[in-house]
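Colleague: Listed below are the residues making up each chain.
There are 2 protein chains.
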Amino acid sequence: MNAKISKSVIPNSFTFINLTFGMLSIIFTLNSRFQMSAIMIILAALMDRYDGRIARKFNASSQLGKELDSLCDLISFGVAPAILSWGNFLINLGIIGYIIVILFPIAGAYRLARFNVTQFNNCFIGIPITFAGFLVAIDNIITIANPHYFLSSIFMLFLSYLMVSHFKFKKV
Amino acid sequence: MNAKISKSVIPNSFTFINLTFGMLSIIFTLNSRFQMSAIMIILAALMDRYDGRIARKFNASSQLGKELDSLCDLISFGVAPAILSWGNFLINLGIIGYIIVILFPIAGAYRLARFNVTQFNNCFIGIPITFAGFLVAIDNIITIANPHYFLSSIFMLFLSYLMVSHFKFKKV
Chain A
2 MNAKISKSVI PNSFTFINLT FGMLSIIFTL NSRFQMSAIM IILAALMDRY DGRIARKFNA
62 SSQLGKELDS LCDLISFGVA PAILSWGNFL INLGIIGYII VILFPIAGAY RLARFNVTQF
122 NNCFIGIPIT FAGFLVAIDN IITIANPHYF LSSIFMLFLS YLMVSHFKFK KV
Chain B
2 MNAKISKSVI PNSFTFINLT FGMLSIIFTL NSRFQMSAIM IILAALMDRY DGRIARKFNA
62 SSQLGKELDS LCDLISFGVA PAILSWGNFL INLGIIGYII VILFPIAGAY RLARFNVTQF
122 NNCFIGIPIT FAGFLVAIDN IITIANPHYF LSSIFMLFLS YLMVSHFKFK KV
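Residue numbers (the numbering used here), protein chains in the order written: chain A, 2 to 173; chain B, 2 to 173.
The reader is advised that the hints may include incorrect statements.
Here are some chain A residues pointing at chain B (derived, C-beta under 10 Å) [to be verified]: (1) I11; (2) N13; (3) I28; (4) N32; (5) S62; (6) Q64; (7) E68; (8) I76; (9) V80; (10) L94; (11) G95; (12) N123; (13) F132.
Please keep in mind that the hints were generated in silico from the structure rather than gathered at the bench.
Note that CB positions come from ideal geometry on N, CA and C, so glycine has one too.
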């Protein structure tokens, strides 16, 4: 049991680094450094690709690790991209901006909760929040100099819908 | 099954309102409106006291609801208070500020994950993140006009420790 706990420290550390990038992203947005904020989300996405793999490689997958992973994913790929988009362009859109900045993490939380209570059979139902958050970060980087209010808003609403949808995606 | 899903909409709505207050708290911090940011966290804490009760009252407790509750709690009582404290005083503390703003939600995430994988027998192990986040909001309200960098930092570190500690607290 103790060996299992100490082994699981390695993948859990990756999960905490993922959360650290998520928090740094929000802090960079607070300082209006939107490009750095987006880069933090992309680094978090890289971390996220490795924690599960490393857990399986070290045979250290644990229920605690899976719960932690979901919790940290919501910060780095739900809250951080929404706050980045808020600082970058949603802030100018009035009530529509408020709806999108709140809807995106709600859709992400629902997607994560549903994933945690259903059996995973190598097929995602709805796009993973990691992918949605990563795409929002990329969109923000592309449009920082020249925000596309309408297109970027529709893009975030569409990603929110895809997260809660029942479309099936094969894991790659 | 469908009746169960439609019944669980009521407590889940409270959970989503909790998350909404958490996101609004972060947005208010972005606009340097620290008092409103703290009030949002306090409102989220009020919501959080009722979603579980309402779920039990309507006999609509669900595994999905519990997962959602944890995810939203991390935003409203882990991320939002940390970001509020960042804007209010941690921003002036250099590397110590970065450590605290990241440690607080990490401790909260660990507390929530541990809670989700252990059997609850009417006794909390470590203080709940809801209570820790609520206390940070109250501390920020009290010290907005006159920040106590040292005391407030020690307070946040102490709460982070209490969340991951194995002290037992009776549920009231």
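Colleague: Does each hint fit the structure? Answer for all of them.
Modeller: Structure-based check of all given hints:
The interface hint given for I11/A is violated, since its Cβ lies 15 Å from the closest Cβ of chain B, which is over the 10 Å cut-off. Because the beta carbon of N13/A sits about 9 Å from the nearest beta carbon in chain B, less than 10 Å, this interface hint is met. Satisfaction of the interface hint for I28/A is found here, the shortest Cβ-Cβ separation to chain B being roughly 6 Å, below the 10 Å cut-off. With a least beta-carbon distance of about 9 Å to chain B, the hint placing N32/A at the interface is held under the 10 Å criterion.
Hint on S62/A is violated. Least Cβ distance to chain B is approximately 13 Å, over the 10 Å limit. Here the hint on Q64/A is kept, as its CB sits about 5 Å from the closest CB of chain B, short of 10 Å. Given the 10 Å rule on beta carbons, the hint for E68/A holds: about 4 Å separates it from the nearest Cβ of chain B. Here the hint on I76/A is kept, as its CB sits about 6 Å from the closest CB of chain B, short of 10 Å.
A least Cβ separation of about 6 Å between V80/A and chain B falls short of the 10 Å threshold, and the interface hint therefore holds. The interface hint given for L94/A is violated, since its Cβ lies 13 Å from the closest Cβ of chain B, which is over the 10 Å cut-off. Below 10 Å, beta-carbon pairs count as interface contacts, and G95/A has none with chain B, the closest being about 13 Å; its hint is therefore violated. Using the Cβ-Cβ criterion of 10 Å, the hint placing N123/A at the interface with chain B is not satisfied: the shortest such distance is roughly 21 Å.
Because the beta carbon of F132/A sits about 18 Å from the nearest beta carbon in chain B, more than 10 Å, this interface hint is broken.
Hint violations for this structure: numbers 1, 5, 10, 11, 12, 13, all remaining hints satisfied.
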